[in-house]
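So the sequence lines, in the order shown, correspond to chains H and W.
For the first sequence, our numbering assigns the number 285 to the last residue and increments by one with no breaks.
For the second sequence, our numbering assigns the number 1756 to the last residue and increments by one with no breaks.
Since the hints were made in silico from the structure, they are not lab data.
Note that this is a predicted model, so its numbers are computed, not measured.
Incorrect hints may have been included.
[Unchecked claim] Between beta-carbon pairs, the in silico distance windows are:
id, chain 1, residue 1, chain 2, residue 2, range
1, H, ALA149, W, ARG1430, 33 to 41 Å
2, H, GLY43, W, ALA1670, 30 to 38 Å
3, W, ASP1734, H, ALA149, 29 to 37 Å
4, W, ASP1063, H, ALA153, 27 to 35 Å
5, W, LEU1509, H, GLY43, 44 to 52 Å
6, W, ASP1031, H, ASP281, 34 to 42 Å
[Claimed, not checked] Chain W is faced by these chain H residues, among others (derived, beta-carbon under 7 Å):
id, residue
7, ALA97
8, VAL183
9, THR185
10, ARG187
11, ALA188
12, GLU269
13, ARG273
14, ARG277
All residues carry an ideal CB built from backbone N, CA and C; glycine is no exception.
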Amino acid sequence: MAIEPAVVSPATLAEAYAIAARGAHRPVAGGTDLLVQITGGIGPPPDRVLDLWRLDELRGISVRDGALELGALTTFSEIRASVACREDAPALVEAAATIGAAQIQNRGTLGGNVMNASPAGDTLPVLLALDAELVVGGETGERTIPAAAFWPAYRRTAIRPDELLVRIRLPLVADRRQRFRKVGTRRAQAISKVVIALAWRGDPGSGTWREVRVALGSVAATPIRAAAAEAALEGERPTESTAERAVAALVGELRPIDDVRSTAAYRREVAGRVLRRLVRDEGRW
Amino acid sequence: MTIAARPGRAVGAPLRREGPAKLTGTALYTDDLVFPGGWYGTTIRSTEPRARLVAIDLDPAFDWSRVAVVTADDIPGDNVVASIAADQPILVPVGGEIRHQAEPVALLAAADRETLREARLRVRLRTEALPPVFDPLASTVEFARYDLAKGDVDAGLASADLVVQGTYRVGHQEQLYIENNAMIAVPRAGGGVIVHGSLQCPYYVHKALKRGLRIGSEQAQVVQAETGGGFGGKEEYPSMIGLHAALLALRTQRPVRMIYDRHEDLAATTKRHPAIVTHRTGVMRDGRVVAQDIDLVLDGGAYTTLTPVVLSRATIHAGGPYDIPNVRIRGRAVMTNTPPNGAFRGFGAPQSEFAAETQLNRVAEAIGMSPLDVRRRNVYRLGGITPTQQVLRGGVAGEEVLERAAEASEFDRVRVRTAESRGRRSPRDRTARGIGLALAWHGAGFTGSGEAKMGSVVSVELSGDGVVRILTASTEMGQGTKTIFPQLVAAELGLPIEAVEMAPQDTALVPDSGPTVASRTAMVVGGMTIQAARRLREAVEGRTGRPFATSYRDDAADHGATRIDQAFEPYPGVGFDDATYTGDAYPAFGWAAAVAEVEVDLDTFEVAVRSIVAVDDVGRVIHPVLCEGQVEGGTLQAVGYATIEEIKLLDGRYLNDRLQTYLIPTALDAPRIETILVESPFAGVPHGAKGVGELPMDVGAPAVVAAIHDATGAWIHDLPATPERIMAALVGIDPPGPPGISTVSPRRAADGDTER
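Build out the structure end to end from the sequences listed, making use of the hints.
Quick look at the structure:
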């Protein structure tokens, strides 16, 4: 028994900034999270909604200034269909393919996933692993927040109420490799139990890994990077003994919880086992 | 699959009667019905598992003139939802005891949803908490108990070469019909109400209205709207919702709509009963099982509902389809402070047969025998004697479905292959394949003397204007009643199916044919429909001297209408003694075998069910497409039960009461299902049908769990066999809690506010 909040749908980003500056509006992109919350009566509904859907300035995928740039309104379907994403962000393409079903992917956006700030947001570990830069804007201009600082607490973001997320930049890094794995309850339409994204630069000569990123979702109050596991892999080749050290480090540093989808014990164990598999695939042992 | 035509028999797969309307969107489900001036109704529920209701406070700052409020004081009749026992109130009265978290306490109605939403927030329940019971083994309130015995169990166990013991636990399962529960009540001009709704059993609602509203049979009218699935979930709860809508309609003297959304439907309506089953099985080295000692506990939830009947079926089926000389089965159902559990496809048998089949697979492993051979050795054959001393006199097809399933799945050959790959397994392997087998029986129709007591009636009439019409309260909910009944009557009368009409399921028009449950519709009511048609044919042919098909229109013109009311006639030679609980528990049994192949991810222990061969003996196939559809749907529902479907509870409340969190298999999770229909007819009905609805639900889960064992070496004793449970069995991490039993929040536990 939901009520419809008042909706304002600006046609330009400048107008949207002006409305955001007045405050008290809940921005909405594809609406795939907000509409479920409103119709399901989950939490208090927003009084006023700022509909961003008409803002074509927030659309488009391009390579610019050494980064893959995705407008905040880029849908998961667009990510899946993008040649640039497939080349430079294959882990993001994989993550986009695991979200909801086709209808959700047509409507749901990368920016929405970022701003919803769910610890189970499937693209967020990928953004952490790829050192994404989140460009936010307002009437006073734009600023950039690194993904590692964007989700400070459970369902919170580093954005100010008068700002909107504008685009997501994924810096292009030579020789970077990426892997992604989602563990859910069923093969589609499932919120994750554990998500893991792995990225590293492979040294063409020695085969050692540099700039290793291990990022996870659904194992903490926010999407996180696993610092100990990263340290165990940094500067190493993907051998069995390296993998075992990294898995032990990961299992030691994770503090997941029991919830309706899974247990802490399973999440910790499965994160380690998936990491071992990903390293094993690269080391071919 | 081919079904050969036989003389005098309905054959073929005509278009479903209600199919075109559903496909084109013109079918009218309850929420599609328009009643001008209608109000919206809603239910105020408890938010505590157990408490004394002290007061219902209405915020004086709110304008209540726009809202109708109904409490227990406003109930004209008995404050009871009529069922087996008179324990469940329509609304908890002030001073009364709240027994579960979703219990209805008050009703509101308003002209628009927004007013209703605001009003809901202005109602406060004042309560005094009482200590709840969540663990069925700690419950001291028993709803029912059945003890069955055959032979001498203690002697049998003592004589066995080996005794295997095991405890199996299963949790709740939600029916998840595609249409939520929904009822609309409209005041009748002459007093009383007409209730339109999504329901399986019009006369159950009718009976509940009469008692709760203290009105006569004519003043209570129940009309089934198009119903989007039931699976047992619309057997009893529609009586509650119908009463709620009716109370508000009588208060406002307007139509009132009670349309549940998915969240309310999941949170408040009945689920499959959780169960705890313990087996001790005595077996000889040659595979003969000589003794079964079985203890079964069902969690009924807060009220009796249909629990005693569910328990009876669970108990009778608990040994599985095996002729064991010494059997003792002790079944009891208890109360907990959780929402009441009720009917769901299989009705107790899936719970107890999961335990029986998994136990038998463990017995086979313990003596080094294949799961196929141990079943060949023990399965019921003609003349077998069941734990109620029933002698199986006909339609015994356990062996046939077993052999057909083994052959079609190449069970032995695949099992050799999976064993070889298990032997060669290395950490490099990502997945493991396994194959598993299960066998089940399912009593057709009501248990024991249920059918004789029900006294159902079905009518077939030839109207004065020459139309042949079936009048029955049996409902269509997607399973095919409206198609197969005209098929049966058309075959009997020699008419094309289009010439036979079905009257609407409206208690003002059709007789009480009993509820549409227990897979009884095709067998019992279908048989009565044929009998009625036969008597109609004989009456017409006696007058005209010509075949019915060429003379009925003339007969109608000359003689006027002819209506045959056919009451249920007990099947010859079928008898049951309620006092001793012995005799023919069912007029016939259906038999089912399933072979599942699974692929288990060795990193995550996610299970993909790749294929299932389902062999079901349904007596006679009436409509091959619908019949196969029933087997496929039931099999997929069993896959969900086996692998992912689980209600989790905290303080007696369902935690995953939304589709975001209660997950069932999607099309991507569905295995390839090969259906083989076997026909071993029941001689007591003219067409031989034994029903199909529940049968496939009994075998899927144990087959999948056996396949998981074949792939991984782990026996999973608790359903669902989630990756968490498989990993706990194989890797030794902490297992999840037992299925179906509520956890207690730290606050409650600290207060000592629980008897758990």
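Hints, verified against the model:
no.: 1; hint: H:ALA149 / W:ARG1430: 33 to 41 Å; verdict: holds, 36 Å
no.: 2; hint: H:GLY43 / W:ALA1670: 30 to 38 Å; verdict: holds, 34 Å
no.: 3; hint: W:ASP1734 / H:ALA149: 29 to 37 Å; verdict: holds, 34 Å
no.: 4; hint: W:ASP1063 / H:ALA153: 27 to 35 Å; verdict: violated, 41 Å
no.: 5; hint: W:LEU1509 / H:GLY43: 44 to 52 Å; verdict: holds, 47 Å
no.: 6; hint: W:ASP1031 / H:ASP281: 34 to 42 Å; verdict: violated, 51 Å
no.: 7; hint: ALA97; verdict: violated, 12 Å
no.: 8; hint: VAL183; verdict: holds, 5 Å
no.: 9; hint: THR185; verdict: holds, 5 Å
no.: 10; hint: ARG187; verdict: holds, 4 Å
no.: 11; hint: ALA188; verdict: holds, 5 Å
no.: 12; hint: GLU269; verdict: holds, 5 Å
no.: 13; hint: ARG273; verdict: holds, 4 Å
no.: 14; hint: ARG277; verdict: holds, 5 Å
Violation of the numbered hints given earlier is confined to hints 4, 6 and 7; the remaining hints are satisfied by the structure.
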